[in-house]
Amino acid sequence: MNIQKIVDSLRQKHPLQMIGAELDAVDPSVEVKPDSVAGICRTLKDDPQFCFDTLHCISAVDYCEPDEKKAAKVDWQPHIEVLYHISSIRHRHRIVIRVRLPRWKDGIEGRLPELPSVSGVWRTADWHEREVYDLSGVEFIGHPDLRRILCADDWLGHPLRKDYTQPHEYHGINTR
Amino acid sequence: MNSDRSNHELVDVGVHSDELLVNMGPQHPSTHGVLRLLLKTDGEIITNVDPVIGYLHRCAEKIGENLLPRQWIPYTDRLDYLSAMNMNLGWSLTVERFLDVQVSDKTKHLRIIMAELGRIASHLVAAGCYGLDLGSFTPFLYTFRERERILDLFEAACGSRMTCSYIVPGGVIADLPEGWLEQCEAFLDQFDPVINELHAVLTSNEIFVRRTAGVGVLSREAAIDYACSGPVLRGSGVDWDLRRDGQPPYTDMYDGYKFEIIVETGGSYPSDHDYPAVPRSAVLGDSWHRFYVRMLEVVQSMDIIRQAIVRYRSAEDPIGKPIKIREKLPVGECYLETEAPKGQMGFMVVGNGTATPWRVRARSSCFVNLAILGELCKGCLIADIPAIVGSLDIVLGEIDR
Chain L
154 MNIQKIVDSL
164 RQKHPLQMIG
174 AELDAVDPSV
184 EVKPDSVAGI
194 CRTLKDDPQF
204 CFDTLHCISA
214 VDYCEPDEKK
224 AAKVDWQPHI
234 EVLYHISSIR
244 HRHRIVIRVR
254 LPRWKDGIEG
264 RLPELPSVSG
274 VWRTADWHER
284 EVYDLSGVEF
294 IGHPDLRRIL
304 CADDWLGHPL
314 RKDYTQPHEY
324 HGINTR
Chain X
193 MNSDRSNHEL
203 VDVGVHSDEL
213 LVNMGPQHPS
223 THGVLRLLLK
233 TDGEIITNVD
243 PVIGYLHRCA
253 EKIGENLLPR
263 QWIPYTDRLD
273 YLSAMNMNLG
283 WSLTVERFLD
293 VQVSDKTKHL
303 RIIMAELGRI
313 ASHLVAAGCY
323 GLDLGSFTPF
333 LYTFRERERI
343 LDLFEAACGS
353 RMTCSYIVPG
363 GVIADLPEGW
373 LEQCEAFLDQ
383 FDPVINELHA
393 VLTSNEIFVR
403 RTAGVGVLSR
413 EAAIDYACSG
423 PVLRGSGVDW
433 DLRRDGQPPY
443 TDMYDGYKFE
453 IIVETGGSYP
463 SDHDYPAVPR
473 SAVLGDSWHR
483 FYVRMLEVVQ
493 SMDIIRQAIV
503 RYRSAEDPIG
513 KPIKIREKLP
523 VGECYLETEA
533 PKGQMGFMVV
543 GNGTATPWRV
553 RARSSCFVNL
563 AILGELCKGC
573 LIADIPAIVG
583 SLDIVLGEID
593 R
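In the order they appear, the protein sequences are chains L and X.
Numbering-wise (my numbering), the first sequence opens with residue 154 and increments by one.
Numbering-wise (my numbering), the second sequence opens with residue 193 and increments by one.
With the rest of the complex left out, here is chain L:
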């Protein structure tokens, strides 16, 4: 199934949840509303015409420029993007699902933005979501066991955030 057909068909099924599509990019992607991501993924996996049986990767990209001079030049507002790279072994097609989140929930610094978990759709999502939570600070609602995976359980902050500052010490160990 070519990418245009996938997007058209998806738009028919979820007209209100689709925000946009970038089909000319290196990796064609569709942007969906954050709260609908689990439902759309469910459709993409279960509907036989899509059959996206494999979730390759969930990655978060933090768009935030801590340097004020550089921040004045960028053409985006601070936000976090979460990308889901999925493909189908049966139909041999692939697509990227893109979700745009605020950097902090309700704009209050320290409250992590929320996204429904897709670990019920693809079981591989479990560890990917833990990693995104750990390193980029996104809370996955409905995840069975959301805790840090690469950093220590009591680590402070989310290292892949652009405004992250490394703690000076960890349990008396100098980290610099």
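The reader is advised that the hints may include incorrect statements.
[Stated by the list, open to error] So, partial list: chain X residues that the calculated Cβ filter (under 7 Å) puts toward chain L: (1) G246; (2) H249; (3) K254; (4) D417; (5) A419; (6) Y527; (7) V542; (8) R551; (9) R555; (10) V560; (11) A563.
[Claimed, not checked] Calculated pairs, DSS-like style, for lysine-lysine (alpha carbon to alpha carbon, straight line, at most 25 Å): (12) L/K226 x X/K520; (13) X/K232 x L/K258; (14) L/K223 x X/K232; (15) L/K198 x L/K166; (16) L/K223 x X/K520; (17) L/K315 x X/K520; (18) L/K198 x L/K226; (19) L/K226 x X/K254.
FYI, nobody ran anything at the bench for these hints, they're computed from the structure.
Think of the CB as a built atom: it goes at the ideal place given N, C-alpha and C, for glycine as much as any other residue.
Please arrange chain X on chain L, whose structure you already have, making use of the hints.
The following block gives chain X in isolation, referenced to the frame of chain L:
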């Protein structure tokens, strides 16, 4: 008791012991690096396994945000340090795809030689260490002796044995030295008969078969649901290999090459050789099959290298030069997976118009493959844990990044 392992079932007589929490690792020899496993056991039987990872976390992705793509190459060496060539290749192809850089045919053949040598080296370590895990010391000596010859070839080509940094975006750092191809051919010729020895000491060894056949069975459906890849996926009977099924910049390299994907069809594997047949006690998707797929892939890689050497010799275009160190990246992102020895290794680069990536992402195949461990180990014996962990062939440098 039935001696056939696949029919071996633990009889539940309703008697349970107290739940015992056993800590295994992170310095346990058969966890293949700094992997820690928290086992919950009922007597000898595992009720739950919780892998604890992150002991080797070096913030590779964060470091990538502060370096130019070519400067990040040495960091890819240290992801899967047992097959650095394949890591270099994955990252280089991702950057090339993002910049829309084409490389010459000769470069492609050269890269294939290196990537497939890397695959053989990685599978040799997997097979040798797997033997060690199961109490057999000889195969370890055999495989490391052969791997040493591959590392010598790498050293002759780029000056480094394990952390090669040889393949870079745009090409390779230097063409092969004189006489290298002859050395490589000599290696392949002397390696051919050694594979039979490995099959004799491992594949058809009665103890080895009993320890692996029917142990840690991963169904086809679970393998796909958990996005397993590489020999773990193919060992479960899924006909999927990115060298054939991947995306253009990677599959282009293998255009015109003859090779068959190693996957079981109708009870047997594609092979022109007289290797041991699948034992009757083996079940598709068990540890034995994962091991066997690797062993056959070694032979497949040797065949691909022989083809690549012929093509490399006849190619007349020059070897690709590395891209400019400060080459500006476009705005947007690019993700590409390649078939690394241990599974599908994905790299993503996000550009914002400057030469430094805004974000770098490494999707580790071992990270994903390890996630099924809990599922595979439920209900098995403690002694089977090394057999299952070893069959997944993980490397912690790649998992923890």
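Are L/K198 and L/K166 close enough, with their CA atoms no more than 25 Å apart? This hinted pair holds, its Cα atoms lying about 13 Å apart.
Is the Cα-Cα distance between L/K223 and X/K232 25 Å or less? violated, 52 Å
Does L/K226 pair with X/K520 here, judged by a C-alpha cut-off of 25 Å? holds, 17 Å
Closer than 7 Å between Cβ atoms is the bar; does X/A563 clear it against chain L? Give me holds or violated. Hint on X/A563: holds, closest Cβ of chain L at ~5 Å, below 7 Å.
Once the shortest beta carbon distance from X/R555 to chain L is found, is it less than 7 Å? holds, 4 Å
Is the interface hint for X/V560 satisfied, with its Cβ closer than 7 Å to some Cβ of chain L? Hint on X/V560: holds, closest Cβ of chain L at ~6 Å, below 7 Å.
Would the hint on X/D417 stand, with a C-beta cut-off of 7 Å toward chain L? holds, 5 Å
Double-check X/R551 for me: the hint is only fine if its C-beta lies closer than 7 Å to a C-beta in chain L. holds, 5 Å
Regarding the pair L/K226 and X/K254, is the alpha-carbon distance no greater than 25 Å? holds, 23 Å
Given pair status - X/K520, L/K315, alpha carbons within 25 Å: holds, 21 Å
Between the alpha carbons of X/K232 and L/K258, is the straight-line distance 25 Å or under? Not satisfied, since the Cα-Cα distance of roughly 37 Å exceeds 25 Å.
Take a quick look at whether L/K223 and X/K520 sit within 25 Å of each other, Cα to Cα. holds, 17 Å
The earlier numbered hints that this structure contradicts are 13, 14 and 18.
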